[in-house]
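Enquirer: Spelled out from the first residue to the last, the chains are:
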Amino acid sequence: MNKRISVLDLPNSYVGKSVPRPNAKRLVQGRGTYVDDIELPRMVHLAFHRSPYAHAKILSVDCDDARAIPGVVGVYTMDDLKDTITPWVGTLDHLKGIKSAEQWPLANGKVFWQGEPIVAIAATSRAIAEDAADQILVDYEELEPVTDMMTALDKDTPVIHPELGDNLCFQRGVDSGDVDAAFENAAVVVEDSFRFNRHTGVTMEPRSIICDYKPADGELTLYMSVQCPHMSKNLFAEHLGLDENKVRVICKDVGGSFGIKIHTYSDEMAAGAIALKLGRPVKFIADRLESFTTDIHARDHRVTARAAFDADGNLLAIDMDDVTGVGPYSVYPRTSGIELNQVINLTGGPYKHRNYRVDGKVVFLNKNVMCQYRGVGHPIAIAVGEHLMELGARKLKLDPVALRLQNFIPQDAYPYTSPAGAIYEMQSHHQCLDKLVEMMDYEGLRSEQKSLREQGIYRGIGFASLIEVTNPGPAFYGVGGAKIASQDGCTLRLDPTGGVTATTGVTEQGQGTETIIAQVVATSLGVPIETVRVVTGDTEAVPYGGGTWASRGAGIGGEAAFQAGKALKENILDLAAIILQAKIEDLDIIGGNVVDADGGNERLSLAELGRIAYFRGDTLPVDAQPELVVTRHYTQRDYPFVFTNAAHACLLDVDIHTGMVKLQKYWVVEDCGRVINPKLVAEQTRGGVVQGIGPALFEECLYTDEGQMINGSMADYLVPMAAEMPDIEVGHVETPTETSELGAKGVGEAGTAGAPAAVMNAINDALSPFDVVLSDMPFTPDKILRGLGKI
Amino acid sequence: MKPNSFEYVRVDTLNDAIAVLQEHGDDARILAGGQSLIPAMNMRLALPEVLVDVSNIGEMHGITIQDGGLRIGAMSRHAEVMKSSKIAEYAPLITMAMPNIAHGAIRNRGTFGGSLCNADPAAELPACALALGVTFNIQGSDGTRSVAAEDFIDGTYSTCLSDDEILVSVDVPAPEAGAVSFFEELARRKGDYAMAGLAAHGVLKDGQFTDMRLVFFAVDEMAVRASSAEQLICGKPLSEIDIDAVCAALADDITPFEDLTTSSAAKMVMMQVLTRRTLEKFIAEGAVN
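Protein chains in written order, with this note's numbering: chain A, 120 to 910; chain B, 127 to 415.
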C-alpha cells in the first residue's frame, strides 16, 4: 500500500489557512447570547451586601429593613444557606504542604477582604435587590488587616485564619546544581529586585450566572459565562449535594475570560444555593465594582534575583526569592499556589545554565483572592529571567541578542530537562530570535537609536525570549485530586444531508475555537468547511472535557477533533464501499464527496450517502449497520506539558522630561507548533501582547494599608487602550509537536507572557544613558521621573 | 450598579425647568449629557429624586456670534463644539482642548455647559473658560444674571449656581489682535483625566505680552491661574523672558495635589514642562511675527 502524505499537507487542507470565523458576523451584529441576554419566567436577581472592611468580625446582621422592601423575594445570610451548600478548601494534593481555610459562599462570622459577600438579596429586579442591599445593617468589630506580604509571616502579624497556625499558604523551593559555587566562580554577577503589580483580567462580559432549579425533577440548569463547563457542573453538584447527572451547564457566547472564569466564586455558589431554596431561576451578573473586588487578581509578587555569568558570557546560574501575597483563601479548586509553581518552572527557561535555586513563598493577605490569570506565572518568570539577561549583557558589554543566542539550549540537546525539572520536547529559540531580528531590522534600529539620542529622543529596544506551558496533561490538576479534565473529546455526526455536526468539550470565548475545530474536522474528514457546524458549551451536548485554559484548546481539542474526523471518515468509507461495491482502500473523501482514491473521480456525495444510510436502509445488505456518529478523545501523556516558545521585541520612546512612555512598535515571532489558522494565531498573540503591556504600563489594583481597593472603576483602573498600542507584527515558526498527529501547541498566553519583560527591557534600554534601571511595574511617569532623579 | 429610583421630567422651556427645580430643590438635578451624572447615579454616589432633561430648551442650543463675541449654548455637545468653525476662529483654545475631552462616544453626548457645571478639577473646559475670561449667562427664579469666569466655579464639583438656577450659555469675548493660545495636557491614556494640563491664553503686542493667563487643571481643587508666573512673562521683550524663572515661580502659585499614581512633585515637573513648551512656542511664533 502506498504511504499517503498527511491530509494536513494536502493543498485543499483548511489547516494553515486563515479561514473566516463563522461566528464573527453574528457577534458583530449584536446577536450573541450572553448570560444577561437570557430571561427566564419568574426569574429573580441577586445583589449582595459586601464587606467594606478587609478584616472584621461580624457582631450582628439586621436584614429587617431589606426584607420589607416590596419586590424582595429572599434575604440570606450564611446561616440561612448552611443546610443547602457545603464549604470548600482550595488545596491540591500534589502541591505539597499547601493549605487554606474552609470557605463558605457568604461570610461565616468574619470577613476577610473588602468585597466579600455577607448577605445575598433576591428580588424581582437587580435595582430592587441593590436598594435592599443598601438597607442591610451589619455591626462589625474591626480586626487588624494583613496587607503587606513582606511582613505577613512576621511573629507580630495577626494570623488571618488562626486554625491554620500562620499566614503561609504554600512554599516551594528548587536547588539544582551547585548555585553557590557558580556564583563564587562567576566573572560577572547581576542582581535586581522586582515588584510585580497586582492586577486582574477585565472582561467585557462580567462573571454571570443563572441558576435554574426545578424541584420536580431535582435538576439544576446553570447558564454560565465560563471556560470549563464540566468543572462547574461537578463543583455545583458536589457542593449543592446534587447528582452530577442532574446538573447541566449551558455556556453560550462568552465575552472574554482570560482565566477569570475558571474559578469558584462565592457569589455564584450562593446563587446556586438560593436557586435550590427558592425553586425559581436566580440571575447574578457581577457589576464592574463587584468584578474589581471579587474577580480573581493575579501577579502580586516581590522578587529578588541574581544571575552569574562567566567571562565569556555563558549564563552559569540563577538564584531567586519570590514572595507572592494572595488573598485570604487559596482559590478553589485550582489553588493559589500554581502561579509560584510556574515561576519556579519557567524562570530562565530558554537557557542552558545548570545551576538554579528558588525560594518561593505564597502568603495570605486580607485582599481579594488571587489565582490563575492569562499567562499564570509566565510574565513574572520571563521578566525576571530576561531582565537578568539584559543586565548581564550590559555588564559584559555584549549585545543582548548575541548573549541570548549564545545561551539558548543547544538545538541538538532536545528533549531537554531544565534544572527546574521541566522537560522540553523541542524549542526553536535560535530560529525565532534570528527571524525577529531580521523582521525588525535590528541593526537599523540601533543606529536610529543612536542618532535620535543626539536629538534628545530616548528610544529603547527591549527583547524577551520565552517558553510557554501549553497542552497540559493530567499532571497539572488531575493528579492533585481536582476534577478538572486534561482530556477532551469531539463527537462528529454525519447528518442526512451530508453536513457534519461537531460537538467538542473545548469552549469558545472569542478566541476562535469553533473556527479551528471546523478547520480541523473539515480537513480530517475531507468536507467543505461550510458544511461543518460546531457546537460547544453545553454539558448535555458535548463530550466530557476540560474546556479552555492553559492554552489547550487547539492542541488537545484540536487533536480530538482530528482523530474523530479520521474515524468518521473510515466509517463513511465502510458504508460507501458497500453502496458502491468497491474496496475501501480505493475510496477517499474530498470536497464532501466520496471519490476514487486514484484520480479523484466523484462517486457518491455525502448527501446521497446520508440519505441512503438514514432513510433507505432497506437498500443495504442485511448485516450493514452504518455508524455515522463517532467520538474520539485525546489526552496528552508524553510530557506534563508541551512547551512552546517565542521571541518578542518592543520599541518605545521615554520622554525624560515627563516620564511618559510612547510605544512605537512591537514584534513577535511565535512557535506554537502547527499553525491551524495564521490570522487567529496572530490575533491571539496581539491581544496577548496588549494584555501584557497593560501591567507593564497601566494596570494595577491599588490597595491602601487598610486593605481598601481604591481604583475599582474603569476611570481609575487603566486598561490598555487602542490609542496607546503600537503596531504589532507577528511572524511564525512552526515546530509541530510529535505528541499528536495534528502537531498543534497552544498560543493563548504567550503574548501576555512576554510583553511585560520586553517593555521593561525597552524602557531600561532607553534610559541606559542615565544609568537608570527600573524594575517596579507598572512603569508610571511618576516612577520614571523618580528613577531619573527629577523628583 | 443600578441607580436608585428617580423621576424623569423633560421640559421645553427655561421657565418650566426652573419651576421643577424650585419645587424639588437639591433633590433635583439637571440632566445635560449625562456623561458624569449617570455613572455617578449608577454607583449611587449621586441620588437625585428628579432628573430634569433640558435638551429641548432652544435657548440652550446653538453657537452664534453676537455683538462681536461668541455665544455657546450650554447644551452644545462636545462633538459640535469640536467641529465648530466659529469656535475655531473666535476661541481656538477651546478647539485645541476638545480632542482631549474623553472619547468620541462621550463627546457625542457630553455637553459644553454640563462639563462646566460639573466642575471636575481635571476637566479641560473650566480651564479654558478661565483662560479666555468668558462670561456665564445664568437664569433662575430671580431672573437672569451674568457671572465672570473666576466666580463661576468655587470648588471641587461646586459652582455658584443656586438650586433653581441653570447655566444657559457662555459668552466668549472677541479675540484681541495678537491673541495667542496653547493647550496641552499630560494623560496616561488618551481621553483620561490628565495628570496635569495647561490652558494658556495671552496677547502679544509690539514684541511683548500685554496679557498672559496660565491656567492649570488637574492639579488643584479647581482650574487655577499661576499669577506669579504670569507676571514674569508680561511687559518685557520676548528675549528677556526667563523661562526657568517662570517655571520656578509656579511653585509660588500652586502646590499640586497628588492623584492615585502621580505625586505632587511629579505634577509640578509636568506643569513646568507644559509651561516651558508653551512659552517656547509663543516666543518662537512671536519672533517670527
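These are computed hints drawn from the structure, not numbers from a lab.
Heads up, a few of these hints could be off.
What the hints assert, rightly or not - Computed, partial: chain A to chain B, Cβ under 10 Å: (1) 246; (2) 407; (3) 409; (4) 772; (5) 774; (6) 819; (7) 821; (8) 825; (9) 837; (10) 851; (11) 855; (12) 902; (13) 904.
To be verified - To give an idea of the interface, some chain B residues facing chain A are shown, with a C-beta separation under 10 Å as derived from the structure: (14) 136; (15) 139; (16) 152; (17) 318; (18) 394; (19) 402.
Given the structure is predicted, the values throughout are model-derived calculations rather than measurements.
All C-beta atoms, glycine included, are put in the ideal place defined by N, C-alpha and C.
Enquirer: Are the hints correct? Go through all of them and say.
Expert: Going through the hints against the structure:
1. 246: Given a least distance of 4 Å, the restraint on residue 246/A holds.
2. 407: Since chain B brings a Cβ to about 6 Å from residue 407/A, closer than 10 Å, the hint holds.
3. 409: holds (8 Å)
4. 772: violated (15 Å)
5. 774: holds (8 Å)
6. 819: holds (8 Å)
7. 821: OK, holds: residue 821/A within 10 Å of chain B, min 6 Å.
8. 825: violated (16 Å)
9. 837: Holds, because the Cβ-Cβ distance from residue 837/A to chain B comes to roughly 6 Å (cut-off 10 Å).
10. 851: With a closest approach of 31 Å, the residue 851/A hint is violated.
11. 855: violated (40 Å)
12. 902: Holds. Min distance 9 Å.
13. 904: holds (5 Å)
14. 136: violated (21 Å)
15. 139: With Cβ-Cβ at 32 Å, over 10 Å, it is violated.
16. 152: violated (20 Å)
17. 318: holds (7 Å)
18. 394: holds (8 Å)
19. 402: Hint on residue 402/B: holds, closest Cβ of chain A at ~8 Å, below 10 Å.
When held up to the earlier numbered hints, the structure conflicts with 4, 8, 10, 11, 14, 15 and 16 and fits the remainder.
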